[in-house]
Structures are given as structure tokens and as C-alpha cells.
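**Q** First to last, the protein sequences are chains A and B. Going by the working numbering, the final residue of the first sequence carries number 586, and the count climbs one at a time with no gaps. Going by the working numbering, the final residue of the second sequence carries number 586, and the count climbs one at a time with no gaps.
Misleading hints may appear alongside valid ones.
[Unchecked claim] Result set (EDC-like, lysine to aspartate or glutamate): computed pairs, CA atoms no more than 20 angstroms apart in a straight line:
(1) A:LYS551 - B:GLU503
(2) B:LYS413 - A:ASP524
(3) B:LYS551 - A:ASP524
(4) A:LYS551 - B:ASP449
(5) A:LYS521 - B:ASP544
Honestly, the hints are just simulated from the structure, not real lab data.
There are 2 protein chains.
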Amino acid sequence: MKQHICDRVAALRKMMKEKGVAYYYITTADYHASEYADDHFKEREFMSGFTGSNGNLLIGMDMAGLWTDGRYFIQAEKELEGTGIELFRMAEEGVPTTLEYLERNMKEGEVLAFDGRTVATRLGTQMEEMVNKKNGKVFYQVDYVDVLWADRPSRKCEKVFALDEKICGKTVAEKLDMVRESMKKNNCTNLVLSKMDDIMWLFNIRGGDVACNPVALSYAVVTEDNSYLFLQEKAVTEELRVWISSQPVILCDYEDIMVFLQEKKWSGTVLLDKENISYAIYKVIREQAEVVLGVNPTELLKSMKNDVELQMMKEVYLKDSLVVCRFMKWIKENIGKIPMTEISAADYMDNLRRETEGFLDLSFPTICGYKENAAMMHYQATKDNYKELAPEGMLLIDCGGQYMGGTTDVTRTFALGPVTDEMKKHFTAVAMGMLRLLNGRFLYGCTGRNLDILARGPLWDMNIDYKCGTGHGIGYILNVHEGPQNVRWRFLEGVKEVPLEEGMVLSNEPGVYIEGSHGIRTENIMVTKNGEKNGDGQFMYFESLTFAPIDLDLIDISIMERKDIENLNHYHKDVYNKISPLMTEEEAAWLKQVTREI
Amino acid sequence: MKQHICDRVAALRKMMKEKGVAYYYITTADYHASEYADDHFKEREFMSGFTGSNGNLLIGMDMAGLWTDGRYFIQAEKELEGTGIELFRMAEEGVPTTLEYLERNMKEGEVLAFDGRTVATRLGTQMEEMVNKKNGKVFYQVDYVDVLWADRPSRKCEKVFALDEKICGKTVAEKLDMVRESMKKNNCTNLVLSKMDDIMWLFNIRGGDVACNPVALSYAVVTEDNSYLFLQEKAVTEELRVWISSQPVILCDYEDIMVFLQEKKWSGTVLLDKENISYAIYKVIREQAEVVLGVNPTELLKSMKNDVELQMMKEVYLKDSLVVCRFMKWIKENIGKIPMTEISAADYMDNLRRETEGFLDLSFPTICGYKENAAMMHYQATKDNYKELAPEGMLLIDCGGQYMGGTTDVTRTFALGPVTDEMKKHFTAVAMGMLRLLNGRFLYGCTGRNLDILARGPLWDMNIDYKCGTGHGIGYILNVHEGPQNVRWRFLEGVKEVPLEEGMVLSNEPGVYIEGSHGIRTENIMVTKNGEKNGDGQFMYFESLTFAPIDLDLIDISIMERKDIENLNHYHKDVYNKISPLMTEEEAAWLKQVTREI
């Protein structure tokens, strides 16, 4: 029994009863629709004990449910055991969404409560509509968990810094022009931003208020004539204040955003992104101005990296790939000789990265899973729960860094010794899929949904699937996950898919996850390029940014097509040619061997 | 100069001027949103001279534009030459849709006119909205072309017949139950149908009012308690009348539909398919009842063939594939020995089909294109314009039949003698693509957009595309094209994609079309099947219904992967095993040779 969780849920129910609330909804989000919230915002984790990066909790008087996605099913089952909280497996057949659950179960006149700062406008308005139909009420200006959470960590407030213009490729003024042009196309005269990475991109600044994400707690408002940047007062250094005063930007206090929005004399319409602007902000603005619900123009602009950014990223990825090579060499040569655990291996990798020039931070906590632990997609070893490594089976390591010049993300799976034939077949199919997508040729207009089967096909041919997307966008000295592009296969009604544009950077990470047995993932980061343009259209292709070996000890050549073998050999040749010049002679000789032609 | 077309456009403009109309819009459609309209309805062809099966004409005072899709660009260019009508290439970069064109060019207060019986509700309401914004008017109860068209063919009125229940798999009563269940799920109490193939399916009847499509001009209304079938009085035989009286169906006169809809006392809501119900019908019903715009539930139900239908289709496809084999043998053995033209070759094919047991009609006019003519996707040889065949180059033949037991569609491209290496590479890539899609394995939830790249990939790898979908649904003794499933790649915002369901039948027809040089298409029909179901979901695959050889004289094995070679050899083995028992000994020996392992 996890008594502390049961106690917290009971305490919340007591408060709900006092306030006349039938259901209380707790998200994973901060006030900025961040994928990874800082500890201060982890109310859902506090209330449920579930530590995954995606999941929402719904507490009723006789029910408690946690919704999470396929990456976390195994982990959530373990973490929820003994809490009385039921796991709802998102997107599985017959499993309702939270909204559908409420629609079916809420009774006439009941009250739904949530902290409106942590719920996106889209969901908030859907919930409002649903509750209104039942003649109920929504309380959204509440935060009951805050009352229960005695030792809640305080909000972070790291110093904000401006990036050197030379590594941004565009000035703030140029970016504001691009954003205003997009606003005009959407017939909007004002834009409110609360997504931190969009704000960092627009103003060429970075912060440190979310672990591994160099973003600062912030809001921004762009009008036709002005731009307002809201930062925590204590996060602004004198140097930054001077720099901002030289930019077409008005600096405001983070705490003043709601008052500003309420008191501003809006002229024209206000563009809000319904996925990223909180319901609380939406409600304030809707009282003052005509709201247009759309997409942040910053999102698409940010995703298409400019030439300076791409050049910086290429260099950073070579250094980061060198780190992976060195890790591979170390673990292959030392396994069974020196004691190792999932934690010490991750530490070794992290330290190699920390020693790398330009390193700022990890881009996410390193995932290092041995044997069956790797079947948990986002497994984190802890000091109470980790595996010793031995010279057998496979180790999966997924890691990345923030560098002054780019954000990296890479996964490799290594054989530490003997493995089964099945593991080899699975590994080979994953490698084939990754390389088929990397080598895909397609027409402009394709979205990730058109291409997903290139990576997933070799696994589907074996009646195996992985329950996550194949790829995500990746930031530039920013969040390791960003939109709007992705590589996924499921059709979602009403969701606008974004064509892949030149300069978009994507991950390519198929995998196999066999519960209780093994997990495999091979992940490269790649950039979208324009190829031949002819009467049939603009053809496109990808270029890899990642150059790290794919473990030949795990390759079963018998299931590969000729093209797959060519793909692998070409890739390994590139790895050798690009990384060996950065190596010692001994390292280069080793790399030559592990990237040999098969 | 095509003077008659210029004269017609001038006469229309004169009428428009008299009536105060700025733009007149002419569709390809009949009143039933049929893909192929009977001659009576071909106003667009009469006014423009363009004979393709898809295209809309817009006439203004100083402009005349024809919009058509990529299948017809080459043909439309030729046919429009000298008419003063400009070609608008649908879906090409920078080309506005008709609606966008009108939005940009219509002036304040102007009038747009069209025959509302031939415009779908979706487009009609969009046009209404757009014109309203400009304070203009829509005249939709007009048909100016009818006035100009002196020798307009009369409306067809072939006898309607009931199908033997044994080959339908479901009775009318059972189908009505399925439809009403779907209506209930959509919270609708009434359904109005005007799509003829849906009506034929629902009532287990067939007609002959559209060339090659065994459908009758008809409407239907399904309420909670009754069903009404509207047929032309002269189309109803005594036998049919007796049969209908034994069914839960009330027979009504086709001419009475508008009055019926107007006078009906509707209880509850009326479900209309905005793509298939005409704007004229929509306007009448909207005045009387609450309209729910949705999708005909008949469409999805019809697309998932039941076991009886599939069994019948399997047998019919064997007979139809035998026809293709015999044609192939004949043309390969006789080319250069006896005179042949595109027309005589098509006739030979058609006659083989006509001699086949159960044959009712062709399912579309046979397309037989030699050399560069095959680059026109829907080329039709005419007695004034055809090519002689010679023992060189390639012949493309795309054809199919209506049988008492199924509708067929098949395309093969044959070498008649020496061909270039490039042609072989193109043919081989097409065959690889067709076979890769046919052998694709995928998860339930995939739509055609997920799979299109399997067929198109080998061509995209060569920077070649074909400007049409890869596959369409196919009817059962019905239209050769039906929805809702398809295999296409382009993302269309707001268009709901349909997951592939067990029993759905699809074409699989990649191609290469090199203007002025050659055209290649290889088309099989396949049925969607459930495969293994496991923790990852329901896996699915396809089974071929078509068993006709792929011309080995055109195969360049050097560009094929091992899996492609296996695919081809397995397929050819199946062709031999399934078709040879239907053949003479001499034919079987020939088939053995052309389906030999490579």
C-alpha cells in the first residue's frame, strides 16, 4: 500500500466535499503548456505517485483514474500499484478519454474543478461546454493541491541570458517581422504567447527554469507596433536589461501578466493557440477582445532552422556523436571487467558530454535501461531501483545535451555479451526501419503520417508495434521535443498535419519493447532537405545529423534486403569519415572496426 | 479554333447578361453526385469540349476556366486548345480552387448562378457563404445550358431488376436494420439518399441508367418506421413491383421526390451527406426540418463486403483474370503478324469478357493506349484518333466488367517488342510498388494515407510521381469506383480519413506517365483481411483478387530487392495455380512460361 498517496487523495476528497466539487482534474502541465514541468508544478505526481512525463489525474468521490500514453503503461502500472488509482490506457480500444469519461459519469448539476492555469484552452472550453450541457459548473480559479502540498518546491527563477546574435541567424527585429507577417495572414493584430520555447526563440534569450530545457518562465505579447516580454524580475540581470533596451521589446514583470491582459486596450483581434494558451488566460482575454483560436506562428517559424542554426547543429552533433562512440568503446571494452550499473553507465555518458566544449546541460535525464528495464520506454533507474550490468543481453541508452550551438538527442542499444536470435532479429528490424526512413525520398506535401510506415514497416511485418510516435521535432538550444512536425501514423480527426519543410529537424526512433524481456531503440536526428524539383513537384529527403555506430554485434544480416545493407554500410562509412578525425589513433582504429562493411 | 465551343460560351454569356449573372458554374455531375454522368447530364462537356470524367467549368464575362485533376492535364490541354477556355490544374502550387477564384474575383453585389441539382451541399453552402459576404446572390434553381442545348440526349430509363437474395448476402430488411443502427449512432431519425449506388446496395436492386454502372436514377428516404424508394415509373417492371411489395419498402415515383421532401411531416432530424446530396435538395429539406450534415451510413456498410459477396467476387475475378491472360497470349503471339490498333485490341479484350459466363456489361470503357498515348491516364482512342500497334514499345490496357457476381477492374502493361532500358526500369518500379502494397502488413487504424508510400516509394526514389491516387474502393456489381476508403497520400484539411476495415476491396494501381513517351500502370484489386491480433493491436493485410501475369519481358531484375523478387515469384505462382485449371493445355503451358520464377 502506498499510504501517503491514499492519504492525499482522501484529503483532496474532503476539500472537494466542502466546496461542493464532484470531480477534480489535475494535469501534468505548468502554466506554459510545457512538456516537462518543473518540480513546483508536479501536482499530478504529488497526488498519484506516477512520475511519467505525460498523464492526467481525475479524482471523484468514488473513483480515481490516471490517464497516460503507451510509453508509460508498464511504468504506471508499477507506480500506481496499491494507490487505488486506476490506470486508463490512452488510445487503447474501448478506453474513454478523460472528457468522455466525465461526459458519461458526471451527473446533472455537478461541479468540475481544475486549476485553469494548467489546462489548455482547447480542453478547458470542451470541458466547459460538456459541463454546461449538464447544467453544472466549472471552477477553474482554484488550486486545491497547493493547499495540501506542505513542502511544495518553490518556483524556479534562474538568470536569463541573451544568445550571441551570430549563432541565432536572425535578429529579434527580423523574427518579429516574420511573426507579424504570419499574424497578418491570419488576419490577427495581436498575439499572446505563453509557450516558453517560442518566447525564447522569438527574443533570442534562454533561461533555466525547467530541468534540461533552457527556458525561462515568461509570457509575451506581440502587437502591430510593440512587443512585450514578461520575465520574473529576479531572473533579469543588469546585462540583460541593457541588451533588451536595445531591442524593439518592452520588458515587463512576469507577475503582471494577468493584470496587463485585463487592462490592455486591445485594438483588433487576439490570436491564441488553443493548445498552448491556458484556459485561465483565454477566459481573461475573451472578456476584453475578439479572440481568434489558431496556431502560434512562432511554432512553424522556429521549426524551420535557418542556415546558421543548421551549421551550428551539424558541428554540435559531430561532437555529441563522438561522445556516443566513446561510450560505446568504453562499455564494450570494460563490461565484465569493472563493475557497472545502469546508473554508473549513464553517469559515464553524462560525464563525457559534460567535458565536451560548449556543453550547457543535458537535454533530458539520460535513460539507461538494461535487459527488461529497457522495455519501459522512459525508464529511469533510481538509487533504490537499478540493475547491475553483466556481459550478456542488451543495454539501451537514450541521452542528449544542450550545447551553445544546438540540442542533441540520440539512442543506441548495445550488446553487452551473448543475446538471443530473437533479440538480433528485433534489433535488425529496428535498424532497417530507422535507415529506411532516413533514406526515404518523398514529395513536398508529405507529413509525418505518410512516412511513418517506412520506419515501422519492418516491425509490422513481424506483427510487432511500438506504442509511440517514430519522430518528434527538436529545438535549437531549446526543448528536445518541439512541434509542429512529427512522424506518427494514427489518424486524429480534426488535427492539422504539417507538411515537412526544408530545415525541419526530426528524430527517427523506431523501437521494440517486449515487456519483461528486452527493449531496443535506435534514434538518429535528421534534417529535412529539398531535393530535385521537377514537373512532378519538389522532392525531399533527409540528412542525418547523428553519426554514431549501430552495433553490428546485434545485426542479423539474413533478414535484411540489399538496400538495407547498403543503407547501413553507407551510414557507417559516413560515421567513420566524420568522427574518426576527432579521435585518437587508437579510437579511430576501433571505429573503423565497428563501422566495417557487412 | 473550335468555333462551336466559342459560340456556346458566347450564347451563355448573352443569357447571363440578360439575367444579371456575373458567373455561371457548370459541374460534371448529374443529380446524384455520380462520378460518371449519363450523356443527358454532360453540360460541362457540351459547353467546353473537355471529355474527362472530372472537371468543372466557370464562365464569367471576361473569363472561362476549366478545373480538372492531374489525370487529365494532358488531355484537357489538347481538348481546350482553341476554345479560349483556360485550364486550371487542380492541386498544383499557386492554382486557386474555383471557390478561391470566385472569392478573389467576384465583386460586391454580383450574382453567381448554377444548377443546384448538380452541386453538392458542401460546395453549394460554401459558395452561398462566400457570395453572402460580398452581398451578392446565388441563383441555384436555373439551368441555362439546357436552353442552349438543342439536341440534348433524353434521360435514360432502363428497367430495374432485383438481385437474387442468394448473391447479396443480406436481405433488404437486414440492410435497413444496419442503416437504422448507424442513423441512431448519429442521433438521426431520417436519412435521405440520392447516391444511386448506395440506393442499389440498400434495396438489392440494379439498373442501367449510367453507362457501365448498373444503377438506376433513384432517390430513397429511410425513416424510423418506413423506407421509400423513388424510381422512374417506366423503369419499374411488373415483376419488380411485385417483389418490392414483398419488401419493407414503399415504392414512389422519381419525379415526386421534391414534392415528397417538401410535404413530408418530418419527425426528428434528417441526415444528409454534404458531399452527395445536392444543394437543391438540401435547401428544400432545410426549410422543413433540422438537418444533420454527415456521411451516408450506407457508404461504409456497402464498402465492407460480406462473405457471400467476397466469395462471389473471388470466382468472378478468376474468370476475369483468365480473360486478361488470354488477351496477353493473343497480343504477344500475334503482334506484327496481324494488323492491330488500339481500338481492335480493346475490342478483342471486350469480346473475351462478353463471352464470359455471368457478364453483364463493361465496368468502364476500356482504356487501351499504345506508346505515348498511354501517358494520358484516361486516354480513349476514337475512330478518328487512334494508333496502329507495332512489335515495339508498350501497350497499356485498363479494363473491367460487370458480372452477376462482381465488378472487376484490372490494368496491365505489355511489351509488344523492344523497349528502352528506361521503360523497363519504370515498369519494374511500378510492379515493385504494386507488390509492396499488396504484401503490406499494417495495424488496424491505418488509412490509405499511411500505406500509399509503399506503392509510390520505388518511384519517388527515382524522383517520379503519378498525379493520382494509388487506389480506390470498388463496388459489388456496382460502380467501379466507390468510397469511403482509398489509397492516396495528400493531406486534405478537414477530410475525415477512413481506417481500412476487413472486407474492404481496393484497387492498387501505381503508374508512370511520361508525356510524349510512354505510360505504365499495373493494377490489381485486393481485399483487406484481419491478420494476427495481439497486445499491439489488430494486424491486417491484403489478399489479391486479380491473378494476371506481370509482363516479365519488362522486368529489370537488377533494381529489385530480394523481397520484391519473392513477391513477384509468389504472385506468379498463385496466378498459375489459380488460372491454369481454367485453361486449355496449350494455354496452361504458355501461362507456366510467362509466370516462371525469376
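**Q** For which of the previously enumerated hints does the structure constitute a violation, in increasing order of number?
**A** 1, 3 and 5
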